[in-house]
Amino acid sequence: MSDRWFLLKRNLAEFWRVFRRNKPGMLGAFLLGTAVLLAVFAPLVATRDPRETVRDSSGRPLTFASPAVHAPLGTDDAGHDIWAQLAYGARISLLVGFFAGSLSMFVGSLLGILAGYFGGWIDSLLMRLTDILLVIPDIPLMLILVASVRQLNLGISPLVILVLVIGLLYWTSTARLIRSQVLTIKERQFVARARAIGAGHVHIITRHIIPQVMPLIVANTVLIISTAILVESGLAFLGLGDPTQPSWGTMINFAFSRNAITNGAWWFYLPPGLSIVWVSLGCVLLGNVLEEILNPRLTAHHLEGDEKMVSRAEVSGAEVSSAT
Amino acid sequence: MNRRDYIFRKFGLAVLTLAVVVVVDFYLFRVLPGDPVRAVIGRNVRISKESQDALRAQFGLDRPLHEQFIATIAQWAQGNFGISWSQRKPVGEILLSKLGNTLMLISLGQVFSIVLGVSLGLFAGWKRKTAIDIGLLSFSLVAWAIPTFWLGIILLAAGSTWLGLPTGGALSPENLGKPFWETLPDRLRHLILPTLTFTIVYLGEYMLIMRSSVLEVLSEDYILTAKAKGMSHWQVLRHHALKNAMLPIVTLIALNLGFTVAGAIYIETVFSYDGLGKLFQDALDKQDFPLLQGAFLLLAVAVIGANFLADLLYAYLDPRVKAA
Amino acid sequence: MFPLSTSTPQPLLRVRHLSTDFVSADGAVAHALEDVSFDVYPGEALGLVGESGCGKTTTMLSLLRLLPAGGRIVSGQVWYDGVDLLTLSEREMRRYRWKEMAMVFQSAMNALNPVYTIGHQIREAILLHEDVDRAAADRRVTELLDLVGIAASRKEQYPHQYSGGMRQRAMIAMALACRPRLLFADEPTTALDVMVQAQVLELLKKIQKELGLALVLVTHDLGVVAEACDTVAVMYGGKVVEYGPADRVYNAPQHPYTQRLLEAFPDLNRPGDSLASIPGYPPRLNALPPGCRFEPRCHKRLEVCAQVAPKLIDVSQFQEAGSRKEDEAISSFILRPSSYKHIAACHLCSGPEAVWL
Chain A
1 MSDRWFLLKR NLAEFWRVFR RNKPGMLGAF LLGTAVLLAV FAPLVATRDP RETVRDSSGR
61 PLTFASPAVH APLGTDDAGH DIWAQLAYGA RISLLVGFFA GSLSMFVGSL LGILAGYFGG
121 WIDSLLMRLT DILLVIPDIP LMLILVASVR QLNLGISPLV ILVLVIGLLY WTSTARLIRS
181 QVLTIKERQF VARARAIGAG HVHIITRHII PQVMPLIVAN TVLIISTAIL VESGLAFLGL
241 GDPTQPSWGT MINFAFSRNA ITNGAWWFYL PPGLSIVWVS LGCVLLGNVL EEILNPRLTA
301 HHLEGDEKMV SRAEVSGAEV SSAT
Chain B
325 MNRRDYIFRK FGLAVLTLAV VVVVDFYLFR VLPGDPVRAV IGRNVRISKE SQDALRAQFG
385 LDRPLHEQFI ATIAQWAQGN FGISWSQRKP VGEILLSKLG NTLMLISLGQ VFSIVLGVSL
445 GLFAGWKRKT AIDIGLLSFS LVAWAIPTFW LGIILLAAGS TWLGLPTGGA LSPENLGKPF
505 WETLPDRLRH LILPTLTFTI VYLGEYMLIM RSSVLEVLSE DYILTAKAKG MSHWQVLRHH
565 ALKNAMLPIV TLIALNLGFT VAGAIYIETV FSYDGLGKLF QDALDKQDFP LLQGAFLLLA
625 VAVIGANFLA DLLYAYLDPR VKAA
Chain C
649 MFPLSTSTPQ PLLRVRHLST DFVSADGAVA HALEDVSFDV YPGEALGLVG ESGCGKTTTM
709 LSLLRLLPAG GRIVSGQVWY DGVDLLTLSE REMRRYRWKE MAMVFQSAMN ALNPVYTIGH
769 QIREAILLHE DVDRAAADRR VTELLDLVGI AASRKEQYPH QYSGGMRQRA MIAMALACRP
829 RLLFADEPTT ALDVMVQAQV LELLKKIQKE LGLALVLVTH DLGVVAEACD TVAVMYGGKV
889 VEYGPADRVY NAPQHPYTQR LLEAFPDLNR PGDSLASIPG YPPRLNALPP GCRFEPRCHK
949 RLEVCAQVAP KLIDVSQFQE AGSRKEDEAI SSFILRPSSY KHIAACHLCS GPEAVWL
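Residue numbers (this note's numbering), protein chains in the order written: chain A, 1 to 324; chain B, 325 to 648; chain C, 649 to 1005.
So here's chain A without its partners, still in its complex pose:
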């Protein structure tokens, strides 16, 4: 057991060393990290409660106050502090995104592993299923599902509904990715050897396949989470979020439907959108970096480096023209 721990620690140190050198990756980690911190420390960072009505000196609600009037981000049409809404909204957006993304990854990975490992009819069935699912328009389907489940009044929080709907509809790309990876792993020797000594399917899957696929799963999770955050914001914008627990998307929905645009209250719709971009960008950068580290990409292509090919001292003054 201790050797494994040692190996893991060494791999992590190695990983960190490579990761640190990658600037986009570090930027991504920073973006995501700050957003998580904002969410975690929302009560400390926000100076007011988001449901509190800010009042001016004469006791009237301070509506649509610009940041110049009410720092740091002004107020909305009901006098609520926007910075507070943003901070607490981070919790909702990140949580829903995280859980929806994880659910999607879990389902996708499970199906991908099963399809890749067992092959045969399981594989065909899954492939047909993904083909069909890919073709059904996602947004309309989600809208219908979410709207109708909410109508059932089952007492499930709208946020949970969002997590379930998003998670259960976005597994296809993950499933395909994991499946093809499992297929390559299956070809490798040690699987055949394990079978030869009589290892059962579960054993092979848990001990051999999953550890090999894990890095890919981790890298992909971050990317899927960013998709989930974007999708959640979209659905929330269309009014399918929880108005009592607004995410950033819901905030934009409020801004839009309460005439922030016509009132010129850019501080109402700009910050939540920027926050979404902030987090999505962070996830994408991080995810891309992880993928690059784990699946290192190509070397240079044939049309690169022509300008430097002949670098003899005598020729440097002469016309060694550029590559066109």
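Read the hints as simulated data drawn from the structure, not as lab findings.
One thing to keep in mind: the hints can contain errors.
Which bits of chain A does chain B cover? Going by a derived footprint, with three or more residues having C-beta under 8 Å, they are [as the list claims (entries may be wrong)]: (1) 159-167; (2) 254-267.
Chain A is nowhere near these chain B residues, computed Cβ spacing over 12 Å in every case [stated by the list, open to error]: (3) F332; (4) F393; (5) K413; (6) K453; (7) R513; (8) D598.
The beta carbon of each residue, even a glycine, is placed where N, CA and C say it ideally should be.
Fit chains B and C to the known structure of chain A by using the hints.
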């Protein structure tokens, strides 16, 4: 010979998917909550049980589900999609009237984003790792991370405030009902901001995919052969790289064509643009099931059709296509 | 093709002290080629032999200036027909490619674009360098395919519809499209099975004789060189270690590496012998030793070998008298001096230092 088998196979898949969609579309709206009778009559009208049952019988809602299914399929096959509950007009008629607007928006947006995305992607891949490549990559990453609806809001606010562009709608109110060609300039003016939003959102995606495809193609040995033949970089790109790199784009474009009809929901909502997307959203709000059902079917058919076209196009572009 | 003259023949290609480095992304430098020199006369077939990584392909790519990104030609000259190719601009260099010097690549499946027909790709080469109309180019395509034994009806087929050997022959046809004077062939037979190998080799020889082409054959296969080449240059660790007429190098190899290579070649007449191999690994090109690069694996090494790099020595006059006759039996259509030098880079050889003009 091989090509024909491939096309048949893809056609079969399209038909199968259509069948699944039809079944899903039907059962979705039967299983979903919401009493159709209630919706027709209106919520606050009191009505006796006998009248309710009579209405149910009239709509055929008391018959077993599978009988209803067959009856509905027969209707659909004849192009009868029922009457919209909120607009009291045939669903088919409503759908067709809005389809044109959405198609205009999507076609313009796609054309711009394809042309720009492909050329920029080609350029970025060629000039990998140079400043311009990094700049383009950053742009497309950010474009990916921006939520579509939020970009629309920003452009709407900026465009209407600073450039005097229309704040919404497909047409100025005074031009309603006038012949198409007469209102064209007005329509185009209303299309500027939505199309711009559309283009930016898809531009990033196409650029990334094209770049990645170009990188793969430029690493192939036949590029070296082309160079060895004495071709300049431009000639190599134009004659060898472009055709091979475009193959994945073709499938992507066609796939997107289908999805953007659905994705247009966001843009149309933000710009109050009178197309299918806005129609869908309104129908959802008003729980107009026949309209929703018809719209969903139309959207799904668009995606399936576009997909199949993509497969056809691919079969003709790639001489290596064989039946799997 | 080239003027048949009885005066002192001039080499078509003169490579002098060519050195090439590869610079990796993190700045590490690998010295892929060092001080490589050789001549190719019109109509001559030169074999560049050595194990993988010895620099033979890099040499070929350097001559045509087709190195991958990171490749840098750092010194030397490449004289083709009196012009130093390394002083040309990229635009000027393009005029030499394919028209004067063409290439046949190792894997035809990868070297041909899968979405264009074979006919199209050959035609493209013609139209690139010659001012003819499409119909004339088409006729030439048919001629070329005929030359390599492919039916004209196959012109409009795609690479994946050809067999492996056919593809290689199509590549040869394509290489001949602009009537080049020098043909480079990079392991033209390695990816093929034995029967087809023989066919392709025969074809190369036939074409070379019929068209009077000069040929540079890059390969690790000594058998191929013995079959098709007049001259051999043996490379090891980025340097030329032995160079001379094929029969002399084969019958009287001077460099221990060449000797081991020839020993490793199984002799069908002595089936009982064990297969010889050369123990050890080739040198790492970013950490080269100061002395002879073959020294760690050499079975005849001296102390000086590890410390001082051997120079190229002219060992021609120390051949037995018998080899002179074989010398004269070499094909007479090759215009080069009959007293062709045989040089080797080894401390064990004695003789005057080789002089490159």
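Is B:K453 truly not at the interface, in the sense that its beta carbon sits beyond 12 Å from all beta carbons of chain A?
-> 8 Å, violated
Are at least 3 residues of the segment 254-267 of chain A within less than 8 Å of chain B when you compare beta carbons?
-> holds (count 6)
Closest CB of chain A to the CB of B:R513 still more than 12 Å away | The claim holds: B:R513 sits with its nearest Cβ about 19 Å from chain A, beyond 12 Å.
Cβ separation check - B:D598 to all of chain A, threshold 12 Å = Fine: 17 Å to the nearest Cβ keeps B:D598 off the interface.
For B:K413, which was marked as not at the interface, is the minimum beta-carbon distance to chain A over 12 Å?
-> Check passes; 21 Å lies beyond 12 Å.
Taking 12 Å as the cut and beta carbons as the points, is B:F393 off the interface with chain A?
-> 18 Å, holds
Verdict on chain B covering the segment 159-167 of chain A, where coverage means 3 or more residues with a C-beta closer than 8 Å | Since 0 is below three, the answer is violated.
Would you check whether the claim that B:F332 is not at the interface survives, using Cβ distances to chain A and the 12 Å cut-off?
-> 16 Å, holds
Consistency with the previously given hints fails for numbers 1 and 6, ordered from lowest to highest.
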